[in-house]
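Engineer: Each chain, written out:
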Amino acid sequence: MDPNAIIESYVGDVVGRIPRRQRADVGFELRSLLREELAGRADEADRPADEPMVMELLAAFGRPQEVADRYRPAGFTVIRPADAPGFAWFALGGVALQWAVTLPIAYADPGVAEWAESAGVAGAWWAPLPAWWLSGGLGAFWWPGFMITLTLIAAIIRHRRDATDAATDSAPQAEPRVAPHIPPQVLDRDRVNRAGLVLAMSFGALGASVLIALPWLAVIAPGLPQPVIEAFVFDPEFLAWRAPWFVVLWAMAFAVGLALLIAGRYTRTIRLISIANDVAFLALVTWSLTAGPIFVSPAADDVTRVCLIGIMLVFVLDIVLHVRRLTPTRAPILSN
Amino acid sequence: MVEGRPEQTGKLEQDLRKGVLVLAVLSQLQAPQYGYSLRQALAERGMPIEEGTLYPLLRRLEGQGLLASEWRIDDGPPRRYYTLSPAGAESYRDLTAAWGSLTSVVAALLHEEN
Chain A
0 MDPNAIIESY VGDVVGRIPR RQRADVGFEL RSLLREELAG RADEADRPAD EPMVMELLAA
60 FGRPQEVADR YRPAGFTVIR PADAPGFAWF ALGGVALQWA VTLPIAYADP GVAEWAESAG
120 VAGAWWAPLP AWWLSGGLGA FWWPGFMITL TLIAAIIRHR RDATDAATDS APQAEPRVAP
180 HIPPQVLDRD RVNRAGLVLA MSFGALGASV LIALPWLAVI APGLPQPVIE AFVFDPEFLA
240 WRAPWFVVLW AMAFAVGLAL LIAGRYTRTI RLISIANDVA FLALVTWSLT AGPIFVSPAA
300 DDVTRVCLIG IMLVFVLDIV LHVRRLTPTR APILSN
Chain B
0 MVEGRPEQTG KLEQDLRKGV LVLAVLSQLQ APQYGYSLRQ ALAERGMPIE EGTLYPLLRR
60 LEGQGLLASE WRIDDGPPRR YYTLSPAGAE SYRDLTAAWG SLTSVVAALL HEEN
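Line by line, the protein sequences give chains A and B.
Those letters in the first sequence? Residues 0 to 335, per numbering that gives the first Met the number 0, in order.
Those letters in the second sequence? Residues 0 to 113, per numbering that gives the first Met the number 0, in order.
Calculated from the structure, these hints are not laboratory results.
The reader is advised that the hints may include incorrect statements.
[Unchecked claim] Quick list of in silico lysine to aspartate or glutamate cross-link-like pairs, DMTMM-like style, CA-CA up to 20 Å: (1) B:LYS10 / A:ASP82; (2) B:LYS17 / B:GLU69; (3) B:LYS17 / A:ASP301; (4) B:LYS10 / B:GLU61; (5) B:LYS17 / B:GLU43; (6) B:LYS17 / A:GLU65.
[As the list claims (entries may be wrong)] Facing chain A, a subset of chain B residues (Cβ under 10 Å, in silico): (7) GLY3; (8) GLU6; (9) GLY9; (10) TYR33; (11) ARG44; (12) GLY45; (13) MET46; (14) GLU49; (15) PRO55; (16) LEU56; (17) TRP70; (18) ARG79; (19) ARG92.
[To be verified] Residues from chain B that keep clear of chain A, each with C-beta distances beyond 12 Å, as calculated: (20) GLN13; (21) SER26; (22) GLN27; (23) PRO31; (24) LEU53; (25) LEU57; (26) GLY62; (27) SER68; (28) PRO77; (29) TYR91; (30) LEU109.
In this text the structure is predicted, and so the values were computed from the model without any measurement.
Glycine included, every Cβ here is placed at the ideal spot set by N, Cα and C.
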C-alpha cells in the first residue's frame with residue numbers, strides 16, 4: 000500500500016479529534032513532518048519507504064487519540080483522586096437507595112398488577128419488573144447525572160479560580176511568597192463560619208416564628224383571604240400533642256446554635272447534643288407523619304408531609320456527618 | 000501490580016527528562032529550525048525525543064507565546080520553522096538561571112549523600 004495514503008489516513012484521523020480552527024494548520028504540518036520522518040528512516044535503512052516502515056513510524060508516533068490529546072491544552076481534574084471513592088459510593092448508593100424504595104412500590108402498585116393481568120403474566124415474580132425498570136429503575140440514574148453536573152460546575156469554577164491564582168502568583172514578588180488564602184473551615188473542619196451560622200439561625204428563627212404564629216393567622220393578618228387562613232389551620236390533635244414538642248426541639252436547636260456561635264467550633268459535646276436533637280426531631284416527625292393529620296386542609300397536609308420527608312433526609316445526613324466527625328481517621332503517631 | 004525495578008527506573012528517568020524537555024527545546028531554537036531538523040539536532044546531542052511528543056510540544060510553546068513560527072519553502076517541501084519569540088528568549092534566560100541553580104543544589108545533595 001502507498002505509504003503516503005497511510006500517512007494521509009492517519010493525519011485525517013488525528014485532525015478530526017482536535018479543535019476545528021487548528022485542523023488545517025496542524026494537518027498540513029503533521030503530514031509534512033511524518034513524510035520527513037519517513038524519508039529519514041528510508042535513508043537510514045537504505046531502501047525506499049514501504050508499508051511496514053510507515054506503520055512502524057506511526058506506531059512510534061502514537062495512537063491518533065493520544066496524538067490529538069497532546070495537541071490539546073492540558074485539561075483539568077473534574078473529580079479529585081481523594082474524592083473519587085466517596086463520589087462513587089454516594090452516586091451508586093443513591094441509585095441503590097432509590098431502587099430499594101421504588102421496587103417494593105412497583106410490586107405493591109395495583110396499576111402494575113392490572114397490566115400484568117391484561118398481559119397474561121399475572122403472578123409471575125418478574126411481572127412488575129418491566130414497568131419498574133421503565134420508571135423508577137432507569138429514572139434512578141438522574142442522581143449520578145445530577146451529581147456529575149454539579150461536580151462539573153464546581154470543577155470549572157475551581158479551574159478558573161486556580162488559573163486566576165496562578166496568574167497572580169506568577170507576578171514578580173518583592174516580598175517572600177505568602178501562603179494562599181484558604182478558608183479556615185477548610186483547614187479546620189470543626190470550625191464554623193460565624194456569619195453563615197448567624198444567617199442560618201436567623202432563617203431558622205424566622206421559619207419557626209411563622210409556623211408558631213399560624214394558629215393566630217386570622218388575628219395577625221385579618222386581611223388575608225379566608226381560603227388562605229383555612230389552608231393553614233392545624234389539626235387540633237396535632238396542635239395539642241405534637242406541636243409543643245416541635246417548639247421545644249427548635250428551642251434546643253437554637254441553643255446549640257448559640258453555643259456553637261460562642262465556641263466558634265464544634266466540640267464533642269456540641270456534636271453529641273446535635274445528634275440527640277436530630278434523633279429527637281426524626282422521632283417527632285415520624286410520630287407526626289404516622290399519628291394523624293397535621294393540617295386540617297388535605298392539600299396543605301399532603302404538601303407538608305412531602306416536605307417533612309425531605310427534612311428527615313436532611314436530618315439523617317446531618318447525623319451521618321456528625322457521627323463521621325466524632326470518629327475521625329487519625330494519623331498514626333510514631334513513637335521511639 | 001508492582002513494577003520491576005528496571006521499568007520503574009525507566010519511568011522515573013522519563014519523568015526526569017520530561018522536566019527538562021522545554022529547556023532543551025528552547026536551547027536549540029535560537030536559530031530557526033523545523034520539527035524534523037530540531038529532533039535530529041537534539042538526538043545528535045544525546046537528547047532523543049519521540050516525534051509524537053516533540054511536535055505537539057512545539058505547538059503548545061507557540062500557543063504560549065514562547066515560540067514564533069513561519070512556513071518556508073526552500074529547496075524541499077514546505078516546512079514550518081520555529082524560533083524563540085522575544086518572550087521565549089526571556090523565558091529561556093530565566094529557565095537557564097533556574098536550571099543552573101537547580102543542578103548545583105541537586106549536585107550538592109547527591110554529593111552529601113555519597
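Engineer: Each of the hints needs a verdict: does it hold here or not?
Structural biologist: Right, here's what the structure says about each hint:
1. As the CA atoms of LYS10 of chain B and ASP82 of chain A are separated by approximately 26 Å, the hinted pair breaks the 20 Å bound.
2. At roughly 26 Å between alpha-carbon atoms, LYS17 of chain B and GLU69 of chain B are farther apart than 20 Å, so this suggested pair is violated.
3. Taking the CA atoms of LYS17 of chain B and ASP301 of chain A, the gap is about 64 Å. The hint is violated against a cut of 20 Å.
4. Distance hint between LYS10 of chain B and GLU61 of chain B is unfulfilled; the C-alpha atoms sit about 27 Å from each other, more than 20 Å.
5. Using a Cα cut-off of 20 Å, the hinted pair LYS17 of chain B and GLU43 of chain B holds, with the two alpha carbons roughly 18 Å apart.
6. Taking the CA atoms of LYS17 of chain B and GLU65 of chain A, the gap is about 17 Å. The hint holds against a cut of 20 Å.
7. With a cut of 10 Å, the hint placing GLY3 of chain B at the interface with chain A is violated, because the nearest CB-to-CB distance is about 23 Å.
8. Interface restraint check for GLU6 of chain B: the shortest CB-CB distance to chain A comes to about 19 Å, outside 10 Å, so the restraint is violated.
9. Because the beta carbon of GLY9 of chain B sits about 16 Å from the nearest beta carbon in chain A, more than 10 Å, this interface hint is broken.
10. Annotation: TYR33 of chain B was flagged as interfacial toward chain A, and the flag holds, the nearest CB pair being 8 Å apart, inside 10 Å.
11. Against a cut-off of 10 Å between C-beta atoms, the interface hint on ARG44 of chain B is violated, since the closest Cβ of chain A lies about 17 Å away.
12. Interface restraint check for GLY45 of chain B: the shortest CB-CB distance to chain A comes to about 18 Å, outside 10 Å, so the restraint is violated.
13. Annotation: interface hint on MET46 of chain B violated; nearest CB of chain A at approximately 17 Å, more than 10 Å.
14. Here the hint on GLU49 of chain B is kept, as its CB sits about 7 Å from the closest CB of chain A, short of 10 Å.
15. Among the interface hints, the one on PRO55 of chain B holds; its C-beta lies about 4 Å from the nearest C-beta in chain A, closer than the 10 Å criterion.
16. A hinted interface residue such as LEU56 of chain B counts as satisfied when its beta carbon comes closer than 10 Å to some beta carbon of chain A; here the least separation is about 8 Å, so the hint holds.
17. Evaluation of the TRP70 of chain B hint against chain A yields a held restraint, the C-beta minimum of about 8 Å falling below 10 Å.
18. Hint status for ARG79 of chain B: holds, given a least beta-carbon distance of 5 Å to chain A, under 10 Å.
19. At a threshold of 10 Å, the smallest CB-CB gap from ARG92 of chain B to chain A is about 15 Å, leaving the interface hint violated.
20. Taking the minimum C-beta to C-beta distance to chain A, about 15 Å, the non-interface status of GLN13 of chain B holds against the 12 Å cut.
21. Non-interface status of SER26 of chain B relative to chain A is upheld: no Cβ of that chain comes within 12 Å, the nearest being about 20 Å off.
22. Taking the minimum C-beta to C-beta distance to chain A, about 16 Å, the non-interface status of GLN27 of chain B holds against the 12 Å cut.
23. With a closest Cβ-Cβ approach of about 15 Å to chain A, PRO31 of chain B is found to remain outside the 12 Å limit, as its non-interface label requires.
24. For LEU53 of chain B, the requirement that its beta carbon stay farther than 12 Å from each beta carbon of chain A is not met, with the minimum near 9 Å.
25. For LEU57 of chain B, the non-interface assignment is contradicted: its Cβ lies about 9 Å from the closest Cβ of chain A, within the 12 Å cut-off.
26. A beta-carbon of chain A is positioned within 12 Å of the beta-carbon of GLY62 of chain B; the least distance is around 7 Å.
27. Separation of SER68 of chain B from chain A is inadequate, the least Cβ-Cβ distance of about 9 Å not exceeding the 12 Å criterion.
28. A beta-carbon of chain A comes within 12 Å of the beta-carbon of PRO77 of chain B; the shortest separation is about 6 Å.
29. A cut-off of 12 Å between C-beta atoms confirms that TYR91 of chain B is not in contact with chain A; the least separation is 17 Å.
30. Residue placement check: LEU109 of chain B keeps its beta carbon more than 12 Å from all beta carbons of chain A (closest about 27 Å).
When held up to the earlier numbered hints, the structure conflicts with 1, 2, 3, 4, 7, 8, 9, 11, 12, 13, 19, 24, 25, 26, 27 and 28 and fits the remainder.
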